[in-house]
Amino acid sequence: MKLNEIIQKQGTSPDKLINILMEYQKTKNTKELTREDLKIVAQELGVTEALVYQVATFYTLLSTKNRGVHIIQVCEDIPCYVNGSVNVVAELENKLKIKMGETTYDNMFTLEHTSCLGCCNMAPAMRVDGKLIGNLTPEKISEIIDEYRGEKK
Amino acid sequence: MSGKELKILTNRFDKIDPASIDDYINTGGYKALKKALEMPREEIIKQVKASNLRGRGGAAFPTGIKLESVYKEREAQKYLVCNADEGEPGNFKDRFLIENDPHQVIEGMIICAFAVGSSKGYIYVRGEYDKPISLLKTAIEQAKAKNFLGGGILGTSFNFELEVRTGAGAYVCGEEFALIESIEGKSGKPRFKPPFPTMVGVFNKPTLLNNVETYSNIPYIINEGGEKFAAIGTPSSSGTRLISLSGNVNNKGLFEVPFGVSIREIIDLLGKGIPNGRKIKMVQLAGASGPIIPENMLDLRIDYKEMADNNLSLGSGAIIVIDDRFDVLDIVYRIAKFFEHESCGKCTPCRNGNKQLVKIIKKFVTKTATEKDLSRLDILINVMTQASLCGLGQAAPTAIATTMKYFNEDYLGGICENEKAVAIGG
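Protein chains in written order, with the numbering used here: chain A, 1 to 153; chain B, 1 to 426.
So here's chain A without its partners, still in its complex pose:
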């Protein structure tokens, strides 16, 4: 969906700003909000560009940086940590050949840390795009990444 269509659907009152940015970002392959996007949103909602930029950089689910098609977010908080999330991250870095916070060369994956995902009953856990995957082990990581890679071939 185009940005203008999303704004039309959500409405132009300034309190819809976050929901508009969230929805639009999801539709983009680069999972980012550009200066140009923010400018359009500011004009349509009748707020300053500075305010839109402030919101876009305040929230961790919004990004003004280019990211991969699939966003992998690994929980780094204590319930996951004490259940071995460090090993999960190591395997992800190894498998994707990137460090935490980076994007793969083929632009397929971005690896991010996230705060608690609220599924500590299946720690360690991660969220790939909108999907929660829990009870992770290094072996499972390998399978999951292969699956996502295979999908696009």
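Be careful, since some hints might not be right.
Taking lysine-lysine pairs in the DSS-like style, the calculated list, with each CA pair at most 30 Å apart, reads [to be verified]:
1. B:K137 x B:K205
2. B:K363 x B:K337
3. B:K186 x A:K131
4. A:K16 x B:K131
Computed from the model, here is a short list of chain B residues facing chain A with C-beta under 7 Å [stated by the list, open to error]:
5. E86
6. G127
7. G253
Derived from the structure by calculation, the hints contain no laboratory data.
Please read these numbers as outputs of a predicted model, since none were measured by experiment.
We treat Cβ as the ideally placed atom computed from N, Cα and C, and that holds for glycine.
Position chain B against the provided structure of chain A, taking the given hints into account.
Leaving out everything else, chain B in the frame of chain A:
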């Protein structure tokens, strides 16, 4: 299932299809709303006050008093908000409540809206909760179709619209004013209090803001009466408590227990002990912002008064068990890093305080701290708890303060050897 559990809020879990409003109605759902609509509004508030229900988001403020405050406001427009921005590490009760029984919280909200005279409500759900968001949106449409929401609800003159708003990844938005700012489309930065949200909340109008679990208790209170609810639990704490049990336990999960059960009973009987026969090193209550206690304090009971008497709090009900493979300072360092990242930056004690905490704790982790760092921590903790604008900064040093008290030897072990010699030598 163990005899320690008591299922009131979780009664429908696994028995109904959460996406079906008919399943909810067939198991007694929306009966409380029908009853409430025939009650005088003052009577609803009276029942909630009699129930002794206290806010389940962590602050434990008496819900009935909050309802009454908003009811008494004379503004024509009042708002109702449900805080489903569950971001406190170790908590997953709101997710479970919404994923298993979304109509229960909606029914609770509609009843409260009727009682305080609100025509518009928001459920603010964190952006990471994809499944709860879609379930709630479906549930709201279903409730509209049955006229439990919308105009002239069930033939009365009461109108109430409900809307889902999503967060976008900010722990601080669990704080009531940060959440309100976020609903208004801004960055989630807390406001000064007073005035409280009950007076000046969303769009500067009186606002009733409660946690998912708090609203979910309302249908039971209306159906069964406040007195019956008050009789469950202990004299200081009525009803049940949802416990999110995680960390190093065999049976991680959500458990509903009446107040009065001990932490040890929850870990041993419901959590089925620690994997591989290991020992408990420490237990963190409430979440990242909560206290860390040693094994010998686990006989404390889930009870507001007993917790407060020991300068502890159960917050929103998380219990995180950490076994003896882990180092206290390492855990505390990770928690400090969490708050450094999540501080919104509005007030100095929190923005700079958390940075300094990380720096000092790092010295203990690398065994390069000095005696003086201990007193620096004391001062810093004091400033942050006293002077931070909101609960985030005030509670951020809790894990450090409690471990300094209960695991003092670990901190002493983080002081560098030369420094110790100097200290001993005078």
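Hint consistency between K16 of chain A and K131 of chain B [alpha-carbon to alpha-carbon, up to 30 Å] | 21 Å, holds
How about G253 of chain B: closest beta carbon in chain A under 7 Å, or not?
-> 5 Å, holds
Is K137 of chain B within 30 Å of K205 of chain B, Cα to Cα?
-> 25 Å, holds
Going straight from one Cα to the other, do K186 of chain B and K131 of chain A come out at no more than 30 Å?
-> Status holds; Cα separation ~27 Å.
Interface hint compliance - E86 of chain B to chain A, C-beta minimum distance less than 7 Å | 5 Å, holds
30 Å Cα cutoff - pair K363 of chain B, K337 of chain B | 14 Å, holds
Interface hint outcome for G127 of chain B [beta carbon to chain A under 7 Å] = 5 Å, holds
Hint check: no violations occur; every hint is consistent with the structure.
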